[in-house]
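Asker: Listed here are the chains, written in short residue letters.
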Amino acid sequence: MREDELIERARRGESAAVRRLYEAHAERVYAVVRRIVADRASAEDVAQEVWLRALRGLGSFRGESRFTTWLHRIAVNGALQRLRQRKRAAGREVPIPISLADVRRAPDPLLSVRLERALDRIPDRMRAVLVLHDVEGFTHEEIGEMLGVTAGTSKSQLFKARAKMRALLRPPRAERNSDMDTDTDTDTERRHATPDTRDARASHR
Amino acid sequence: MPHLIPETLARLTDEAPDPDEAAHLSGCAECRAELEGLRNQCAALRELPAPPLPPDGWESLEFSLRQEGLVRSTRRRYPALARIAAALVIFLMGALAGSWWTGAGDVDRPLAGAHEEQAPVVDGTDARALWEYAGSLDPADGDPLARLAILETILITTGAALAEAPADPVINGYHLSAREARDAVLLRLAERDDSAEWF
Numbered sequence: 001m002r003e004d005e006l007i008e009r010a011r012r013g014e015s016a017a018v019r020r021l022y023e024a025h026a027e028r029v030y031a032v033v034r035r036i037v038a039d040r041a042s043a044e045d046v047a048q049e050v051w052l053r054a055l056r057g058l059g060s061f062r063g064e065s066r067f068t069t070w071l072h073r074i075a076v077n078g079a080l081q082r083l084r085q086r087k088r089a090a091g092r093e094v095p096i097p098i099s100l101a102d103v104r105r106a107p108d109p110l111l112s113v114r115l116e117r118a119l120d121r122i123p124d125r126m127r128a129v130l131v132l133h134d135v136e137g138f139t140h141e142e143i144g145e146m147l148g149v150t151a152g153t154s155k156s157q158l159f160k161a162r163a164k165m166r167a168l169l170r171p172p173r174a175e176r177n178s179d180m181d182t183d184t185d186t187d188t189e190r191r192h193a194t195p196d197t198r199d200a201r202a203s204h205r
Numbered sequence: 206m207p208h209l210i211p212e213t214l215a216r217l218t219d220e221a222p223d224p225d226e227a228a229h230l231s232g233c234a235e236c237r238a239e240l241e242g243l244r245n246q247c248a249a250l251r252e253l254p255a256p257p258l259p260p261d262g263w264e265s266l267e268f269s270l271r272q273e274g275l276v277r278s279t280r281r282r283y284p285a286l287a288r289i290a291a292a293l294v295i296f297l298m299g300a301l302a303g304s305w306w307t308g309a310g311d312v313d314r315p316l317a318g319a320h321e322e323q324a325p326v327v328d329g330t331d332a333r334a335l336w337e338y339a340g341s342l343d344p345a346d347g348d349p350l351a352r353l354a355i356l357e358t359i360l361i362t363t364g365a366a367l368a369e370a371p372a373d374p375v376i377n378g379y380h381l382s383a384r385e386a387r388d389a390v391l392l393r394l395a396e397r398d399d400s401a402e403w404f
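Keeping their order, the protein sequence lines are chains A and B.
Going by my numbering, the first sequence opens with residue 1, and the numbers climb by one from there.
Going by my numbering, the second sequence opens with residue 206, and the numbers climb by one from there.
By construction, these hints were calculated from the structure, which means they are not laboratory data.
Mixed in with the good hints there might be a few duds.
What the hints assert, rightly or not - Partial list, computed: chain B residues near chain A (C-beta under 10 Å):
id, residue
1, Asp-219
2, Leu-243
3, Cys-247
4, Ala-249
5, Glu-252
6, Leu-275
Think of the CB as a built atom: it goes at the ideal place given N, C-alpha and C, for glycine as much as any other residue.
Put together the whole structure using the sequences plus the hints.
Answerer: Printed below as a string of structure tokens:
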């Protein structure tokens, strides 16, 4: 059955259609939410709320974007909103213990642990872009639509996020930009602050 | 000549370099190595497995959806004749199985699947033996890879057992304990290898 037909039936409240939509998208939605909110209990809660919001608002889905983009916009916003609430409640960002349950299926669990831990240390919106692009394979246009930014902003956030990840994953002995694990976006540029840096920055697209 | 900044290198994992960047890369082994590292990082991120869905995800969502009246069942109502035929088939199959079980069938032939039914995948004693063996490996001084291997074995064994008896408290206990221990070993290994070159 075509997805638009499935959506139409789900809109009419047919349980089987809703379930098929859920089964088609649940894993990816949960993965994005899980990696943005960074802890399993909150992720389960947020993912459930995302689906409820999506299904309540299915009538407003006009098919102008792909269903998966529309659904992920709700998911990403729900996850970022949870992070904001958590920070407000805590007064400061607290480190969140990684759950290894998520990386057991990896071919190399140790590498996956390191990647997930590095992901947790990247600023929230950068992490969202990195997860959506490099892990989930969305385009910058789709990510821009989800986050309410331009494709160019999505690109620029992605490049910063990748550079931060690289710095976090590089062994401590390396000299290049080893101080990148702070939340300051311009750390890398400061370290290479030379006249040519402006040229390199100008070459960003 | 100064190196390309990391964000530029991050962009070059997706896009072609402009002439200046290409010229720099051709003469700078360090920037080429950084670019290669970033490409490997992107490849590793693409390979990250999706975290497993919560097991009762659909059930709890469906419960909420029903409470809000957002879904209704679409179970088809079978015609009365079809329901009677189905009941008759089930009755006849039950009668046949019963006569076979009570010896009316071929008594010399072993009951297919009986051995499997009587022998569970693992019981509490097996799980305890494995767990004790894992405990005998000193977590502080022993080889963490050996401990990891045995804990993996326990998880696979108890996982298979739980598929047969999901509510068994003993096997559940060993399974959860093994999972915690395995996670601790994995974390320790990851911390130990913090200085390793990954990309």
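Asker: When the structure is checked against the list of hints, which entries are broken? Sort them ascending.
Answerer: Result: no hint breaks.
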